[in-house]
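Asker: Chain residues, written in single-letter form:
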Amino acid sequence: MRYLRAAFARLVGVFTWHRTDDDLREELRAHLEMETAEYTRRGLPPDEARRRARLASGGLAQAAEAVRDQRGVPWLEGTVVDLKYAVRALRRTHLFTAVVVITLGLGIGANTAIFSVVRGVLLRPLPHRDGDRLVYLRHSMEAPGGENLTFSVPEVRDLRGGAPSFAGIAEYSSWSSIHETREGAERIAVGLVTGNYFEVMGLGPVLGRVTGPGDDGPGAAPVAVLTHEFWLKRFAGDPRVVGQRVTLSSKPVTVIGVLQPAPFFPDRVDVFLNLVNSAHHLGATMLEGRTHRMTEVVARLAPGATVEKARAEVAAVYARMQVEHREAYDPASHYRVAVIPFKEVMGERARPVLVLLMGAAAFVLIIAAANVANLTLMRSVRREHELVTRAALGAGAARLRRLLLAENLVLALMGTGVGVVIAVGGAGLLESLARRYSTRASEIQLDLPVLGFALALAVAVAVLLSFLTPLPGEGSLGGRMAGAAWRMSSSAGKKRLQRALVVAQIAVSIVLLAGAGLLTRTLVRLSQVETGLITEEVLTMEVPLPTSSDVSRSPAADSWAKQRYAEMRRQVAALPGVIEVGIGSPAPLRRSDVMFDVKAEGMAVAAGEAMPRAELRTVGPEYFRAAGIPLVHGRPFAATDGAGSGKVVIVNQTLADRIFPGRDPVGRRIAWSGEILKFSPLTEEWRTIVGVTRYTQDGGLDAEPRPVVFMPFTQFPAVAGALVIRAAADASALAPAAMSIVRRIVPMAPIENVMTLTQYKDATLSARRLNALLVSLFAVLAVVIAAVGIAGVLAFSVSARTHEIGIRMSLGASPRRVQRMILREGCLLLAIGLVLGLGVASFAVRILRGLLFGIAPDDPSTFIGVAALMAAIGIAACWIPAARAARIDPAVSMRAQ
Amino acid sequence: MGEKLDVQRGTLALMILKTLQVLGPLHGYGVARRIEETSRHQVTLNYGTLYPALVKLEQEGFVTAEWRASENNRRAKYYALTAAGRRRLARETRDWNRTADLIAAFLAPRRREEKP
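Chains A and B supply the protein sequences, listed in that same order.
First residue of the first sequence? That's 1 in the numbering used here, and the numbers climb one at a time after it.
First residue of the second sequence? That's 1001 in the numbering used here, and the numbers climb one at a time after it.
No wet-lab data here; the hints were simulated from the structure.
Beta carbons are placed, not taken as given, at the ideal position from N, Cα and C, and that holds for glycine.
Just so you know, not all the hints are guaranteed correct.
DEER-style ranges, computed between Cβ atoms [as the list claims (entries may be wrong)]: (1) N1097/B / V459/A: 52 to 60 angstroms; (2) R1094/B / R91/A: 36 to 44 angstroms; (3) V1022/B / V459/A: 47 to 55 angstroms; (4) D130/A / R1091/B: 47 to 55 angstroms; (5) V459/A / R1075/B: 54 to 62 angstroms; (6) A61/A / T1038/B: 27 to 35 angstroms; (7) R1091/B / A61/A: 20 to 28 angstroms; (8) R399/A / R1094/B: 35 to 43 angstroms; (9) L448/A / T1038/B: 38 to 46 angstroms; (10) E65/A / A1108/B: 40 to 48 angstroms.
To give a feel for the contact side, a few chain B residues facing chain A, derived at Cβ under 8 angstroms [said to hold, decoys possible]: (11) P1025; (12) H1027; (13) G1028; (14) Y1047; (15) P1052; (16) R1074; (17) K1077; (18) Y1078; (19) R1098; (20) A1104; (21) F1106; (22) L1107.
A few chain A residues that don't get close to chain B, going by computed Cβ distances all over 10 angstroms [as the list claims (entries may be wrong)]: (23) Q62; (24) A63; (25) A66; (26) G131; (27) K233; (28) K678; (29) Q759; (30) Y760; (31) T764.
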């Protein structure tokens, strides 16, 4: 209370200053007179009395200053003055100012931009009500494709019964549907959800309503909740959409509401539907099949429950399930369930990349700040005279510090301005990077907290810089004033600090260069990976048919679909310039998520070993030739491998090596196996291997080899299909003609992912390319700043030693010798920085481990290359000041003193 | 004259308030004289110490100030205690005495330990 009162009085004092200043002078004069009168009364002559009174009372001016400090808000007034002065001083030294502002701008800009991503993707609170109470359940096992198995409905039922820590467990399955409008058809991403989904997720509608428990069960009406994005994109944000009917996969669905904007999970979704929209989801297969896993599970913790408690309960329920249903959980595959906070799962993929970029950006800022520190140190030497004079005129150390702080603040704030501009410029690039790792990329924005972060960086840098500059010591005022007038003193301490900063810059640059080098080499290694097929001049396009969900149950729908695909193939093949057209699913280089266990005739799996699993792919006879996938043994499918003829398959090399090691698999028989087949159109009947293909790098160039079984397109329902078109030249030019054929044959089918295999391969690398690009950008920035740093320090050293060099040269030192002397000075710093940097880098690059491919984090050739590059740039930077030193004219330099 | 004592932070305000309580409204010079005399010249106050303290007390509302004619017809600024000032004086006197007792007790020689 008292403090507030005083603070208010002080603030008023700032604005009512003039009146009280006069008042005070008056008061002090009265005091002095009384004191003088007292001395006179004691018998001193008037002059002496006045002198004694002055002595006893202390200086008038000092008293006025002390009172002023007490009365107003001195730091506020002082700061305004300091800032004005700082701006003036910096305008005078515009080159210095420009270099510092740009350097700091780059450092602060990089950090601000990356921080905006970190905040948007990792830190921002989820829009979900009590989002920190949400958990995601991940079901996994140790086998390829087992990272996230999802759950079956019986499993979810068991969890509901045994985990009281959950207030609610919601089910979600990714599905797709074909949205038919008058303008055409498009495939949309659908989330099939239980009625409690939105309640559990803590999400509400912006329009209409979301689904509730009443929308569950076979009797419910099919309803749809649009996501905010889809509503804006497809319905232009029209509120009348609520209550309308839309056609999804040829069936009418009523739109009941629009969901609030929220990040998608796990995939992008256009429309949420209740389960009745999918006959499959209400069928016995789904409801009773313990291994029919296609449900994602999100749960909300009950009030008072903790994640730990939930984990324990889930573990107990799961252990019981494994005992009761041994057949569903092969012990060799190590099944388990993890309970993970939802926010963590959302940021899971982005985190390593962002940690890397954050680290790189922080390093750039460190280097930038070190450079600015060095520039400031040099300037402080040139300003020594000024500072000494100020000190002599009565400026205290705190006052001088404040002056420096004001200057540095002005510099840092200008730097922040530049930085924010850079961050705004880089936002697009970063968002496109973030989009590949997170569904929260749209939440990235340069909002107040991000700007606050930039500002905080600026202030931190300014404070740091202000305390780096040594102030003139009080003891040696006179001497320094005399000395500083002509001599730029370079105290040993200051010099050491400068050098330490340069060494640090070089070391940090090395770390960044090493990171950039490793990521770039990863990229090179990846692009050198053999895809296993001939990617040139192959155009692919996916054509899902609206009947896809019926083909498994309706032979008529299936044969209709197959006829359409055959017709497309025939007509596209007739286009000029087409060499071959194949039909298959999925398209080459894309991986199939349909995986089943495989057993080989006459080959038992050793006890304790997991069953081999393989991808199921369906292909027509021409697929391999069109896609350029070589057969290593046997024959491709033939037109005679029809629906009614003998069951045949082709396997890839990986599966052949796994189940028939060292033997020719052609002619042997394999079969799909496992509980889960009940839910598929497949049976455990034996199928004869007629060919073996080379392994192809499906699902990413860094993907682990996955066993594959190809089935004839005719011997499996046509749930999906893609056209693979091999052209004599320029495959992409065929796209318009091929698409118009497809549209004519199936007007209601969407055409997706029309791209050549080369384009597709390229696209799979784009995220890594962006990563490598960003880190390389940071590294280049760092090296440039460091090079400027070392050159600057040497140049300064040369100019401080001009006199000395002049003497050396007049005593007979040759220019070459002088140049060598300066070079040696620079190279020593460079060498220390290199050694230090390599040491730090060998630890720091460990965070890259998950992002590398085909190269070890401590790859010696990368490190050697990086060191050589830095050394070359460093020496080049040293050369300039060294050459200047060699050109010093002894006569001129000595006269200058 | 013996060595001068530094005026401890906060004690100067107490001295000023007490002086104003004892002598009634008084100008800065009078306050300084009185404090010097009471301290038997162990404390001397120059402008730079006294006036900031007075201004602070005035800002905080413990004293008021007004220009008046002094005893020998000079104009001087007279400071007077306010009600808040009186309360603060009472409180600080109590606190100070308590602290002084405590420190005295603390620093008193411990007889028991000195016995052989």
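Asker: Are the hints correct? Go through all of them and say.
Answerer: Hints and how they fare:
Distance hint check: the CB atoms of N1097/B and V459/A are about 46 angstroms apart, inconsistent with the given range 52 to 60 angstroms. Distance hint for R1094/B and R91/A: a CB-CB separation of about 58 angstroms, inconsistent with the stated range 36 to 44 angstroms. At about 50 angstroms, the CB distance of V1022/B to V459/A agrees with the hint of 47 to 55 angstroms. D130/A and R1091/B have their C-beta atoms about 48 angstroms apart, which keeps the hinted 47 to 55 angstroms range intact.
Range check, V459/A to R1075/B: about 48 angstroms between beta-carbon atoms, so the 54 to 62 angstroms window is missed. The beta-carbon spacing between A61/A and T1038/B, approximately 29 angstroms, falls within the hinted interval of 27 to 35 angstroms. Separated by about 36 angstroms at the C-beta atoms, R1091/B and A61/A break the suggested range of 20 to 28 angstroms. Between R399/A and R1094/B the beta carbon distance is about 39 angstroms. The supplied range of 35 to 43 angstroms therefore holds.
Our hint of 38 to 46 angstroms for L448/A and T1038/B is violated, since their Cβ atoms are close to 57 angstroms apart. Restraint check, E65/A to A1108/B: a C-beta distance of roughly 43 angstroms satisfies the suggested window 40 to 48 angstroms. Using the Cβ-Cβ criterion of 8 angstroms, the hint placing P1025/B at the interface with chain A is not satisfied: the shortest such distance is roughly 14 angstroms. With a cut of 8 angstroms, the hint placing H1027/B at the interface with chain A holds, because the nearest CB-to-CB distance is about 7 angstroms.
Interface hint status for G1028/B: upheld, as the beta-carbon distance to the closest one in chain A is roughly 5 angstroms, under 8 angstroms. With 8 angstroms as the threshold, the beta carbon of Y1047/B comes within range of chain A, its nearest partner Cβ sitting at about 3 angstroms, so the hint holds. The beta carbon of P1052/B is positioned within 8 angstroms of a beta carbon in chain A (closest approach about 4 angstroms), and the interface hint is therefore held. Satisfaction of the interface hint for R1074/B is found here, the shortest Cβ-Cβ separation to chain A being roughly 6 angstroms, below the 8 angstroms cut-off.
Below 8 angstroms, beta-carbon pairs count as interface contacts, and K1077/B has one with chain A at about 5 angstroms; its hint therefore holds. Residue-level restraint check for Y1078/B is violated (minimum Cβ-Cβ distance to chain A is 10 angstroms; threshold 8 angstroms). Annotation: interface hint on R1098/B violated; nearest CB of chain A at approximately 20 angstroms, more than 8 angstroms. Given hint, A1104/B at the interface with chain A, is violated; its Cβ is 29 angstroms from that chain's nearest Cβ, farther than 8 angstroms.
Checking F1106/B against chain A by beta carbon gives a least distance of about 29 angstroms; that is not within 8 angstroms, so the hint is violated. Taken as an interface hint, L1107/B does not check out: its beta carbon lies about 31 angstroms from the nearest beta carbon of chain A, beyond 8 angstroms. Remark: the non-interface label on Q62/A conflicts with the geometry, its nearest Cβ contact in chain B lying 5 angstroms away (cut-off 10 angstroms). Listed as outside the interface, A63/A is inconsistent with that label: its C-beta sits roughly 3 angstroms from the nearest C-beta of chain B, within the 10 angstroms cut-off.
Annotated as non-interface, A66/A brings its C-beta within 10 angstroms of a C-beta of chain B; the closest such distance is 4 angstroms. The beta carbon of G131/A sits about 48 angstroms from the closest Cβ of chain B, which is more than 10 angstroms, so the claim that it is off the interface holds. With a minimum CB-CB distance of about 63 angstroms to chain B, K233/A clears the 10 angstroms threshold, and the non-interface call stands. Distance check for K678/A against chain B: the nearest CB is about 86 angstroms away, which clears 10 angstroms, and the non-interface claim stands.
Residue-level check passed: Q759/A sits 75 angstroms from the nearest beta carbon of chain B, beyond 10 angstroms. At roughly 75 angstroms from the closest C-beta of chain B, the C-beta of Y760/A stays outside 10 angstroms, upholding its exclusion from the interface. No Cβ of chain B approaches the Cβ of T764/A within 10 angstroms, the least distance being about 71 angstroms, so the stated non-interface status holds.
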